[in-house]
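Asks: Fit chain to chain and form the complex, with the hints in mind.
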Amino acid sequence: MTRVLLVEDDAWLAEVEASIISDAGYEVLIAPHAPAAIDLVDSFHPEVIVLDVLLAGSTAFALLNELQSYSDTGMVPVILCTNIADQFDAKKLKEYGVMKVVDKTTMHPSDIIAAIRSVL
Amino acid sequence: MNRGEGSFEVTPLVAAAHELKAPLALMRQLALRLGDETISDGERQRLLQQTVLTSERALRLTSDLTKAARLDSALFQLEPINPDQLCRDVVSELQPLFQAYGRSVAVKGRRHPLLLVANRDLLRRILLGFSDNALHYSQPGTAVHLQIQAFKQSGVVRVGVRDFGPALSSDMWRTLQKKLDSAPQTIHARPESSGLGLFIASQFADAMNGRIGAVRHKDGATFYVELQASNQLSFL
Chain R
1 MTRVLLVEDD AWLAEVEASI ISDAGYEVLI APHAPAAIDL VDSFHPEVIV LDVLLAGSTA
61 FALLNELQSY SDTGMVPVIL CTNIADQFDA KKLKEYGVMK VVDKTTMHPS DIIAAIRSVL
Chain H
121 MNRGEGSFEV TPLVAAAHEL KAPLALMRQL ALRLGDETIS DGERQRLLQQ TVLTSERALR
181 LTSDLTKAAR LDSALFQLEP INPDQLCRDV VSELQPLFQA YGRSVAVKGR RHPLLLVANR
241 DLLRRILLGF SDNALHYSQP GTAVHLQIQA FKQSGVVRVG VRDFGPALSS DMWRTLQKKL
301 DSAPQTIHAR PESSGLGLFI ASQFADAMNG RIGAVRHKDG ATFYVELQAS NQLSFL
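Listed in order, the protein sequences are those of chains R and H. Using my numbering, the first residue of the first sequence is number 1, and each one after it goes up by one. Using my numbering, the first residue of the second sequence is number 121, and each one after it goes up by one.
Just to be clear, a hint being listed does not mean it is correct.
With a straight-line cut-off of 30 Å between C-alpha atoms, the simulated BS3-like cross-links for lysine-lysine are [stated by the list, open to error]:
hint: 1; chain 1: H; residue 1: 141; chain 2: H; residue 2: 187
hint: 2; chain 1: R; residue 1: 100; chain 2: H; residue 2: 141
hint: 3; chain 1: H; residue 1: 228; chain 2: H; residue 2: 272
hint: 4; chain 1: R; residue 1: 92; chain 2: H; residue 2: 141
hint: 5; chain 1: R; residue 1: 94; chain 2: H; residue 2: 141
hint: 6; chain 1: H; residue 1: 338; chain 2: H; residue 2: 228
hint: 7; chain 1: H; residue 1: 187; chain 2: H; residue 2: 228
hint: 8; chain 1: H; residue 1: 272; chain 2: H; residue 2: 338
hint: 9; chain 1: H; residue 1: 141; chain 2: R; residue 2: 91
Rather than coming from a laboratory, the hints here were simulated on the basis of the structure.
So here's chain H without its partners, still in its complex pose (with noise of 0.2 Å):
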């Protein structure tokens, strides 16, 4: 089939409207369901739950994609922060939305790792989008893991999300390999997403003078952020 038929520039304005389409429309579903009189108590308890935990997640998106577009005029400040306790914090944050969908997530790693100068809003942004697309791509059951690497010769600390679900193929992962350096893709191009998440992450990640990257595993992936560490006070 040919699909390139009626593909058109995505700007990051199109891929917004997209990325809100799957939330927007789920949250109408439930609240449909929420509607039907049938229905047990429980049922209409998970269902408020489920609209509510959806709403936070597009709100979510709404909150990167204005602060991705302050980011040439804000000054943001860098700061050695402990990658371990921001991990917990994240992790602590994504709790509810993993249980409710039948998932766990997990920080795994050194308990004291090397400190990395970041600014915590914009760390804890990327870590929550990488987050929320794993727990897309993860299997039900399975856990998604928070990891810390450092690598003191080149004196980097790696924070990454692994999930466990289907392996990419080789097509799928040249293509996120185009995502993760450019601009959002034209929609007929993606395998599923426009690529605006991982476009912010690597916005958020230039701003702190970082990169972002992806790692391809037999059962998933794993998608990370680089950044320096400090040379203050490490915690080893």
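So that you can see chain R by itself, here it is in the shape it has in the complex (with noise of 0.2 Å):
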């Protein structure tokens, strides 16, 4: 089953998001903060990071460059989903691992789903 680490600080969309991942067959797990994140890097070794930007704590900029300063997860794919997407430029965002930027305050449950499949 393919491993989806979601980095969202707001506990009711998290579970909300999750829900949707898991019923679409991913194996799920939900880090509330970038430090969090981090830990779950290491041990849960997920495939995708579906990454708000907006964090309590570091943003999730600290956690992008972190995961870059490493050969192994700067190989994983994330996704940004934030209520700031318009502020992104997706190209610049490459360089950082971020294959696809997905708005919060537009986007249906299947947007998440389709935005996973599309960076596997």
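Replies: Now the structure itself:
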């Protein structure tokens, strides 16, 4: 089963998104902030990371920099799932392993699954 | 990554729009999930409760914004207030929200504190805002504490909201200190929020001749408001 790490600090949104991902047949774990995500990257070995940007504590960019510091974690595709999708340049984000950007304000449940399938 | 590119000056209006995005996006996702016919009745009830509580949080922000916009023209009655009783009222109001998030909220501190001089509604709004913030930063299973401290020599009473969560880094702490006494920040310059809540709390505190501040702990933070102690009868 493909392992998906969901990094989302809103517990209720994380539950909804995790249910959608789980219902689609993926194994999913939730990290509420960047330090927890780093721990889970080491222990869970996710094949995809779905990442919110404005996290409590460090932002997603601290985590992206950490991931890019190691050759193995730098290869894990990242999907940004954010309320500020309109503020990012998708081309520049690719340097940080971000393969897709999903706009939380307009997404439908199927969009997150489509994004995961597209990066695998 | 150069995240300065595309950043822009944030007016309170833009900050408000940004702050409302998160609860609106959450309510939309909860509503979409409710439309899933395969979920159980129990799950449906839980999603409905989450939708109601999220809308109430968003409405609190809109109410605070309109209140803040009228501060200059409004006359606020300042009166001696028992902070312990007010904190207990705030805790009662927030209990359902905290329970739904798997956290608790309680009053800690003196049972017979000095009275302070404040406007009851403005102080209540400050504490609700700090508590909302603490809910977001606290770890599941932890408690958020409303604390009252009296500084008799300076004649000040401090009412704080203590959360137990990840420690703030020094960089974030410096950013936070700027937010405590300034207008909402450029969105890209902030770690998590625009600082609108702190800006509003600061304005409410000013209107009561008080000030807000924050203390960093190893395991979280305390946001507080300091107000003048009342010279009238205290409960000591």
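Asks: If a hint holds in the structure, say so; if it does not, say that too.
Replies: So, going through the hints one by one against the coordinates:
1. With a CA separation close to 20 Å, the supplied pair residue 141/H and residue 187/H stays within the 30 Å bound.
2. For the given pair, residue 100/R sits about 21 Å from residue 141/H by alpha-carbon distance, which is consistent with the 30 Å threshold.
3. Restraint check for residue 228/H and residue 272/H: the C-alpha separation of about 19 Å stays at or below 30 Å, so the hint holds.
4. This hinted pair checks out: residue 92/R and residue 141/H have alpha carbons roughly 24 Å apart, not beyond 30 Å.
5. A hinted pair counts as satisfied when its Cα atoms are at most 30 Å apart, and residue 94/R with residue 141/H qualifies at roughly 25 Å.
6. For the hint linking residue 338/H to residue 228/H, the alpha-carbon distance of about 19 Å falls within 30 Å, and the restraint holds.
7. A threshold of 30 Å between alpha carbons decides the hint, and for residue 187/H with residue 228/H the separation of about 29 Å falls inside it, so the pair holds.
8. Between residue 272/H and residue 338/H the alpha-carbon distance is near 27 Å, which keeps this suggested pair within the 30 Å criterion.
9. A hinted pair counts as satisfied when its Cα atoms are at most 30 Å apart, and residue 141/H with residue 91/R qualifies at roughly 25 Å.
Checked against the numbered hints listed earlier, the structure breaks none of them; every hint is satisfied.
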